[in-house]
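S.K.: Chains as they are written, first to last, in this note's numbering: chain A, 1 to 312; chain B, 1001 to 1312; chain C, 2001 to 2312; chain D, 3001 to 3312.
The reader is advised that the hints may include incorrect statements.
Stated by the list, open to error - Computed from the model, here is a short list of chain A residues facing chain B with C-beta under 8 Å:
hint, residue
1, 10
2, 19
3, 61
4, 153
By construction, these hints were calculated from the structure, which means they are not laboratory data.
Ideal placement from N, C-alpha and C gives every residue a C-beta, glycine not left out.
So you can see what is in the structure, the chains are spelled out below.
There are 4 protein chains.
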Amino acid sequence: MTLTAEQHAEIEAARAASHATRRATVPALEDILFQAIPILDHGFIRVIDYMGDDGAIVQAARVSYGRGTKKVQEDKGLINYLMRHRHTTPFEMCEIKYHVKLPIFVARQWIRHRTANVNEYSARYSILDKEFYIPAPEHLAAQSTVNRQGRGEVLEGEQAARVLDLLRGDAERCYDHYMHMLNENETGLPLDPGRSGLARELARMNLTLNTYTQWYWKTDLHNLMHFLSLRAEAHAQYEIRVYAEAMLDTLRRWVPLCHEAFVQYRMGGAHLSALGVEAVKRMLAGETVTQQTSGLRAREWRELMETLGREE
Amino acid sequence: MTLTAEQHAEIEAARAASHATRRATVPALEDILFQAIPILDHGFIRVIDYMGDDGAIVQAARVSYGRGTKKVQEDKGLINYLMRHRHTTPFEMCEIKYHVKLPIFVARQWIRHRTANVNEYSARYSILDKEFYIPAPEHLAAQSTVNRQGRGEVLEGEQAARVLDLLRGDAERCYDHYMHMLNENETGLPLDPGRSGLARELARMNLTLNTYTQWYWKTDLHNLMHFLSLRAEAHAQYEIRVYAEAMLDTLRRWVPLCHEAFVQYRMGGAHLSALGVEAVKRMLAGETVTQQTSGLRAREWRELMETLGREE
Amino acid sequence: MTLTAEQHAEIEAARAASHATRRATVPALEDILFQAIPILDHGFIRVIDYMGDDGAIVQAARVSYGRGTKKVQEDKGLINYLMRHRHTTPFEMCEIKYHVKLPIFVARQWIRHRTANVNEYSARYSILDKEFYIPAPEHLAAQSTVNRQGRGEVLEGEQAARVLDLLRGDAERCYDHYMHMLNENETGLPLDPGRSGLARELARMNLTLNTYTQWYWKTDLHNLMHFLSLRAEAHAQYEIRVYAEAMLDTLRRWVPLCHEAFVQYRMGGAHLSALGVEAVKRMLAGETVTQQTSGLRAREWRELMETLGREE
Amino acid sequence: MTLTAEQHAEIEAARAASHATRRATVPALEDILFQAIPILDHGFIRVIDYMGDDGAIVQAARVSYGRGTKKVQEDKGLINYLMRHRHTTPFEMCEIKYHVKLPIFVARQWIRHRTANVNEYSARYSILDKEFYIPAPEHLAAQSTVNRQGRGEVLEGEQAARVLDLLRGDAERCYDHYMHMLNENETGLPLDPGRSGLARELARMNLTLNTYTQWYWKTDLHNLMHFLSLRAEAHAQYEIRVYAEAMLDTLRRWVPLCHEAFVQYRMGGAHLSALGVEAVKRMLAGETVTQQTSGLRAREWRELMETLGREE
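The task is simple: from the sequences and hints, build the whole structure.
M.R.: What follows is the structure, encoded as structure tokens:
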């Protein structure tokens, strides 16, 4: 994370202010409001604003006139019920806004979640900072040999060193040429007053995909959980998963009852197919079921055995 | 507007609370937070929660670290610029939530705006109150003879009385039969312990479309303005327009700079077609232009003359 | 279903036409194209248009230049994989459009699925037909005593007769008064030339919620399946479930491989919570697990036992 | 545009097929179906599938049972009316699907239009081709000195040559290193069997933003026109505008009446602010209006004068 002194000062100034409000307020989330939580080598997430709390979910589900949350036990039961039965609209009644700094190739995955509001830093209008993502050595994974979109062993020694050199060297060279083509130094003055700078909207095309960008990203609680269920999950690419994991932690601070239900019924649960349910029923009845007799294909059988914690 | 004493007390309790927050806060909107603003004979809108202010629009447009709003004049200029050039994403960074009580036929128009979150009172689960919309005499309009979806003169005398009798009588009878089929009184006890009540999800079909329902409705500022540009406008049906007008007033309290830009560039402006622009150019050049020489059809010419405040 | 002779003729004319196209075409769906499939007493669904087939899902998943579908077995495997792993975007590449006639109270549930395009018949502009939904005697269910939004026993004898009388009588009376207030007969002429008709946008409020409306409804295959997973399911209200079931049948005709995967992995499967998975693991290990030792609440335990086909 | 012989053959095979259908069919669009229309140096758009035609807009607006389009003049009038009065839902009843090959920095702008379905080629799963966008000399524009997101004069001579060298050199070097890190040649075999390849999901981060990607992109006619109104417009970046212009041409083939209305009422028209309308009224009344007396700011006044074709 690379914040300038000025940015630090702005954040601290925002944190120092306190206002009176009639709105639902969540002290545990207020505690970290505006703070940059570091992710990867130069990235971060910051919670910038939020609307609603656990009580707001309950209030909407009941279309009530007051605040609810008198009896925590009842609210908890209702939130669990809504989560289990896919009653999603009450969760849409809460909203959160993040400021995120992230590599462009991660941003390209993230933006595919369409039900959100986004304001990205414009490289058509402004100049991007000289910051690129370079993986830490322990995340420099080889291509998986069994899963076409997975990672295998970590590269080591000379191979790893060579990859890091290439990534760093290419990103730096491309960035330096970007500034050269723009003909600007970091304070916006021409490097060489004798020539014109290439249009920003063109020069940016020379940057590599690990260059950092940033955006404001705002979504409702239901869609946030959908995002987290896909991106905080084991099969998500590591570089987006670390963002999702940090956001999962902000979810816990913000709406603790909802977070608990989410972990219990969504993240921690398992979906069985029709044949999978059939196989479990037969196993519970004492029958010995094999992949062949289950009717499941090899891969699905393997996944089912994994879910059930059984040796194949 | 018909609030029970209990509902009044809940609203007052919510209004009495005050919390400390680091979030952007808008005193002019806090002033009316939770209060029911009466609409039609039994309806209302209440602002239940909000996120962001004029400064949040500016902050998102600049993807900044601090709060912005140091110089009101600059913020105003930027907001005007964003509005004029259809840069819609910064406006999506603010969010507002309403509790609305409205007749079902109005709800059916309203729900067509899809980019919003909605939690409606469930007549499958609960019993609706005995409240219907009956137009005030001055809104009892005849069918327009020139516009198939417009209103003409106001009905008067016996005709008006007859219509009001029919509307009131049918709504009451249908509601009473609804309760009879449910076999419940207002406290939920069986009217007649000797028989079963019809399922709520079925009995509700007997209600008339002027029966009041209610919902929580949450949307972002951009989509709110889109809604208002269509529903606070002269051609909108009166019964939805009064809701939109009251919401336009909450917009003014919430984000005054944005409201001003909205009125100047969206609500108060006019869209000319290519031929319309051509006609204006020729008129400004001193040429006498008629419908025939403009190439516009009669109706479009009439609308253009109206926009330009000219006799035809 | 009540189609006029003219409507029948229009449908037959559309069915008689045949055009040459380079697009993917599905004969089993073409067979029923435009035909009205009756639902409830006066409703129907008609498939009006479609885009894509099973091959289009595969083609999009592979971002290929040709048509795919050379080897059905491979396509089937890929579609199963996409369905199991929630890769939803390839399913969004197919689109279908229905013409639906349905009671207003069903339309109000249906419209809550926002990711669809809708054109409804406008009662602001035109006059609705005199058609209401009256449940068949075997669907006249009492309120469930255990589930607040469910149905219990079927009403019988006098009670049933009374309910049907009320529903029919109120719907007819309200409709007749609607026409009276409009002051129009069915051919659009004034009933009484001596008085004005009430504006259509107002008169419609006198209709009951079982009045039939109609709309064009268009959605992509992913969102169609989401709709069906909620509405063709056992807990959905009968009056919307019958529409969903008829649409499930059109899904089978249209994209048979996708339909099979949908039934296997979505409709026919089961979602277990984290504690549910834990309980199954312990049971498979030979342990006797009870509701108390599972950590599950009574209702969740009951649902789990039901899923696993076990006595409690 | 760089299609392999195999891709050409697949396209030709798809074009050779002809199927019988009852659906609305548009010969002028069928003529170019599947054909790659070249854009920029290696990009293209191809229309892959479509649903509906001008008649389908009319049919939906009327919620009719037949095909409409009997009287072209009436359909034309209705489509114009719908376009002028922002009745957008009938336009949502048509759908089109493109296959697009485009530079990543263009894809990043494009994807901000959220109301569309997208399937992008996955560089997590597969290897991208060695193709980058290098601007033609006449599009190598300098940064505008008056508009922070615009272009100025075209670079020439040595400056231009230097920029092209940098763009080409950096893209090639980055791509070669990408293949080196992957340790794969173009047929998927290891370059060096003695070492592991870096995971694809990591290696891709070394590519520059002018690398070509491709996707299937599907949207409804209303949202297509919204996209075109922003991207086929003079202020759009050239590199996305050329795609939009080619798509505008497919719009003309597909729905000629709708295209004409779109050009007349949307693309070719002008939006005036409230003060702008006021100024025009006064000018038409013979008054001499200046920027100062108009109340407009300098920039808005300039834009108004431009719209009206007047010297300032």
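S.K.: Run every hint past the structure and note whether it holds.
M.R.: Hints and how they fare:
The closest approach between the C-beta of residue 10 (chain A) and any C-beta of chain B is roughly 3 Å, which is under the 8 Å cut-off, so the hint is satisfied. The restraint placing residue 19 (chain A) at the interface with chain B holds, with a minimum CB-CB distance near 4 Å, inside the 8 Å limit. The criterion of a C-beta within 8 Å of any C-beta in chain B is met by residue 61 (chain A), whose closest approach is roughly 7 Å, and the hint holds. Look at residue 153 (chain A): its Cβ only gets to about 39 Å from chain B, farther than 8 Å, so that hint breaks.
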